[in-house]
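Chain order of the listed sequences is A, B and C.
According to UniProt numbering, the first sequence is numbered sequentially starting from 1.
According to UniProt numbering, the second sequence is numbered sequentially starting from 1.
According to UniProt numbering, the third sequence is numbered sequentially starting from 1.
These aren't lab readings, by the way, just hints derived from the structure by calculation.
This one's a predicted model, so the numbers in the text were calculated from it and none came from an experiment.
Do not rely on the hints blindly, as some may be mistaken.
Calculated lysine-lysine pairs in the BS3-like style (CA-CA distance at most 30 Å, straight line) [to be verified]:
(1) A:Lys576 / B:Lys2
(2) A:Lys719 / B:Lys24
(3) B:Lys24 / A:Lys861
(4) A:Lys352 / A:Lys393
(5) A:Lys162 / A:Lys238
(6) A:Lys238 / B:Lys2
(7) A:Lys162 / B:Lys2
(8) B:Lys82 / A:Lys719
(9) A:Lys893 / A:Lys955
(10) A:Lys861 / B:Lys82
The chain contents come next:
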Amino acid sequence: MTAFSRLPAPMGLLIDRDQPLRFNFDGKPYQGFAGDSIASALAANGRWLLSRSFKYHRPRGPLTMAGQDANTLVQLPSEPNVLADLQPLAEGLTVTGQNFAGSLDNDRDALLGKFSKFMPVGFYYRSFYKPMGIWKVWEPIIRKKAGLGVLDLKFQPEYHDKAFLFVDLAVVGAGPAGLTAALHAANAGAKVLLIEQQAYLGGALAWARFDVAGQRADALRRELVDAVQGHPNIQILKEATCNAWFTDNFLPVIQGNRLYKVRAKQCIVASGAFDQPVVFRNNDLPGVMLASAAQRLIKLYAVKPGQRAVVLTGNDDGYLAALDLFEAGVDVAAVVDMRELPADAALVAALKKTGIPLHSGSTVYEALHAKGMRHVTGVDVRRIVGKGQVAGKGMQIDCDLLCMSAGYMPVYQLLCQAGGKLSYDDTQAAFALSGLPQNLGVAGSVNGRHDLDNLLREAAQVANAACASLGLQEAAAPARFAAEPRVNYDWPIFPHPDGKDFVDFDEDLQVRDIVNATRHGYRDVQLVKRFSTVGMGPSQGRHSALPTARLVAQATNRSVSETGVTTARPPFVAEKLAHVAGRGFDPYRQTAMHQRHVELGAKMMPAGVWQRPAYYGKPEEREACMQAEARHVREKVGLIDVSTLGGLDVRGPDAAELLNRLYTFAFAKQPVGRSRYALMTNEHGVVIDDGVCARFADQHFYVSATTSGVDRIYQQMLKWNAQWRLNVDITNVTAAMAAVNLAGPRARNVLRKLCTDVDLSAEDFPYLAVRQGTVAGIPARLLRVGFVGELGYEIHVPARYGEYLWDALMQAGAKDEIRPFGVETQRLLRLEKGHVIISQDTDGMTHPAEIDMGWAIARSKPFFVGKRSVEILEAQPLKRKLVGFVLPATSAKPLEGHLVLNGPDISGNVTSCEYSQTLGQIIGLAYCAFEQSAPGSTLPIRVEGGEVVQATVVKLPFFDPETQRQEL
Amino acid sequence: MKIMPCPLNGPRNISEFTYGGEFKQMPDPATCSDADWADYVFNSDNRAGLVVEWWMHNASSYWFLAERHTVTDEIVRTFDPKEIFTRRVDFAAPAQAREATV
Amino acid sequence: MAALQAQQFIERSPLYRQQADATLGRLGDSVIVAHYGEHDESPQLQRCALLDLTNLARVGFRGAAAAEYLLERGYQLPEAPNRALTQSDGSHVARLSQTEYLLLGSLRDAGARIAAEEAGWQFSETANYLLPRQDSHAWLLLTGAHIAEVMAKLCGVDLRPEAFPVGAVAQTSAARINVIVVNLPEGELPCFQILCDRASVAYFWDALLDAMAEFGGQPAGIDALL
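If we strip away everything but chain A, and leave its shape as in the complex, we get (with noise of 0.2 Å):
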């Protein structure tokens, strides 16, 4: 078959005849049409076999033609595992097959199949484990076996990004149900989103055929379709997967490389149905194909499925497909009917009319194939004697094509995420769901509804509903609706004696395997799913849930109700990583003063989602660095940006009592222009923070707080203000505060050229008092803070003016070779003078007398958050300390969480460890055992490679013990 042999008009609704396109599979040329899926333009050229299986490497070829089987999954150049039969043909497009070793066609793998019998399920929990070491051995060669396409690891990532969609009423399947609801809602007013996973609006209208003659899907299509796409109200999604339902109908919806995610005040949906495979004896051949996949050829691709068709069938749409055939201008050599009779008797009278014999109360037992197995050659039709019983003899009959109607399963996925409840209807053999939300409806085969007219029906009254609770519509009376016709086939299973009767294609199990799961005593479905793997394969169970659960209720002595099928989680169908991560957001939060740190060449680092410089300099010459800015800050004068720390205002009546009751520290009476230490514990005594409380006014303190605490300690406070109603306002001004500490014995000196309003001296303005004044002309609030343990300012200004201030200090401090320092430097500085940092030398269970900040805590307050804890811990012995130790400059040095050791036990470990130049010596806070704390003790700490160097402990600081420095 050529390309050139396709269907005449009106077959290929999809496909463009005056477009036509060429590609390559597996090295071969082609030629399609725009509209062709891959799949539908090999099977135009006569090439089926399209893929080997999993575990036996049998061929196969296309099996629903919808991109529900696994059967079509090729490799494209840079992305494996594609669906043939979704993937549209492009010009030039380079196709290869997958899984196999050799060639497509002749796999050497394919032995393998011999062997099954020697694979049986659960075969790989179950061999490889002994002898102990075996499984190093098999790994590689079953790694190499397994798995499918190959990744190619020159890919260049895309562009995926994520959208909020906001409607009122989101449609899922755009087939006559979805249509019919979308058009309803969308007259009456509402905002629909109509969501289809085809390329076409229609769904079964599109390829089914609904009566007799013919005639009514297609002007039934036509009128549905004309309608919803011109409608202002009805936006349409096409080739958009809704991949799971999320609570409050919350709908992630993917269309090429974007994922939607939809927010539905109403969702109706009308997923529609899967067309259920029968299965007997390689029923995976190449050629065996559902009755609704070679539908879908003729119709949508105008490809003849077949030379010489036989239909096997357990309800009426089976005689239908087999019209769509001979009309078509396939040979249908036979329809084969489970059943005794169809229920419509007008289809015997249409079938006798074409001269189709057919074999009623029969089945085919086995799909006939000739060596290599690449193609169904016939079928051995068989009486059936018994539940899945067939008479000893049958006949054969040659043919190319075998199409299965054995009935529907419905597409419950997103309404089983919803909280649906499935429950087996043994008059029907059909699932039926219940238990839905409010807000969602469902429409269609979906619900059960096969008969078009009342599945219109439905749609109407479910769309009216949805109406009626967005407010639109009046509630209507119930409709009624005509008797459904049975479409399924109540036991469409005939094992063979020699296998190879697939119930889950992807995973190539044959019914054997699901019963002797349940011999191995896996008797809930859930588990024979995790011990035969049955339904996790890309097609997740489309095709194999209802033989499953039939299978397991029959080897269990169950029903299907009682048995029930697989939780059916998100995602619906395989979604890329790229589509769930979309853009990446990472935001970052950079100073005032940011561009000029990058300008001076900083090193800079993340603190939380802030941007700091590290240190000034490149990375190779980052200890060089560090020790020259702080002998620099030592000596002379150095500059840090200090914005990121918290800051917050807390002003009224009650802002010394906020803060009494906040901080172990006492606040009522903190002298106006001046700083108290703020100490925070948790109700637990833990403490979780920790600033510097600046009182401006009576009724305003400046309170600052961690980088990377400050929003948690805000909403803190917020909470807990939310329960006293105290008088008082909390405002979070971090990030309107730009903040440098200008630190060193020449600090004053600098400050005074640019500040003339505040008196400097250490007299008027002495160490921890606070000023308000103005530098370089800005307003501003200044602190005399000791945290690097020099002479320091740390000056607040708006950060509208925060450059300016930088530029100001650099310039005026030039002649005292002012030099900025970075925050590891400030760490070093820090480290010299013993101050901890909360979070870094404190964890989860720090509390105040192991960090010796018992000075911090005002006893006879009536309450702080924490005080009754810290009591408590106060009152039982100390456990461990945190302590200062040394060690000689030529020791190995201990990093950040390398264990002190106590004996033979761990008793803490170090939480800041550096070499400081200043001390010529390596110097560092633990935390070790009480008894080992006492300055003087040996600390033995375990350092990198093992090895074990022993610390003393000092009374801290480490640098200026009379603090003298910095109260210049």
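Assemble chains B and C onto chain A, guided by the hints.
Same frame as chain A, but now just chains B and C:
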């Protein structure tokens, strides 16, 4: 994604909110036993049924209370804490400890 | 006269480096982008544009006495939280909670009235606390026919006109940072006034431009607004 009805900002994706723990009454820290205090600090009821919880809307730093059913995950009601905390709370000095108003 | 440069002024938008190729105009004690290219940016504004108004005055007030204070000073206040009103002089007042207001300056007076509110406020016994919104927040203006679609790529709140009418305020998260979005058009031009953390604006500016790209969005200046 679940929708949380915020008393200030209206219905929003629950990702806009931070859970603030179950609502519980603090025993008077000045007078309660160590065991009562430890129970308050460390234990949660984790009840199956209707519970009251603290929630905060992140963008507005607004704290409120929500009544939620822990079995169905239905949010029955959300409300401003002022409904429960109707007046200023003070703590007595430990010497003349008496019941705090909470 | 030599072209204006941001670094000549002590008050600077964090975005001024991104505006290096723009023509700047004077705005009070600082500068603002007048226009980028030489052509009229009006069609760009109608389609999809992003303006940096960070140097335009804004201030907040909060407290039990805030409403009374603002009424006395001649402001019309929104009736409910999360509503905003444009004042007769072109400045705007957004109400963010029962007791909190955000005042946005007008380009017509270069923000002078609102700047004066910030300068003139005195700490007093009454419960009316100034919030330094000009320093805590950057101010961006997103304009044109696609503002709701652009924001839908960043933000989980329904900002279509039917759900988020003129005068509505949303305090929410966009591109994973907190923002205040206010629907206040400039005449007929659809506009979202967006306030975000000042320290995050370099990040957010890029995130917005990226989201705007599919609609042909570009940065623009204020000339075409006036």
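Here is what the structure says about each hint:
no.	hint	verdict
1	A:Lys576 / B:Lys2	holds (24 Å)
2	A:Lys719 / B:Lys24	holds (13 Å)
3	B:Lys24 / A:Lys861	holds (23 Å)
4	A:Lys352 / A:Lys393	holds (26 Å)
5	A:Lys162 / A:Lys238	holds (17 Å)
6	A:Lys238 / B:Lys2	holds (26 Å)
7	A:Lys162 / B:Lys2	holds (18 Å)
8	B:Lys82 / A:Lys719	holds (12 Å)
9	A:Lys893 / A:Lys955	holds (20 Å)
10	A:Lys861 / B:Lys82	holds (26 Å)
Consistency note: the structure conflicts with none of the earlier hints.
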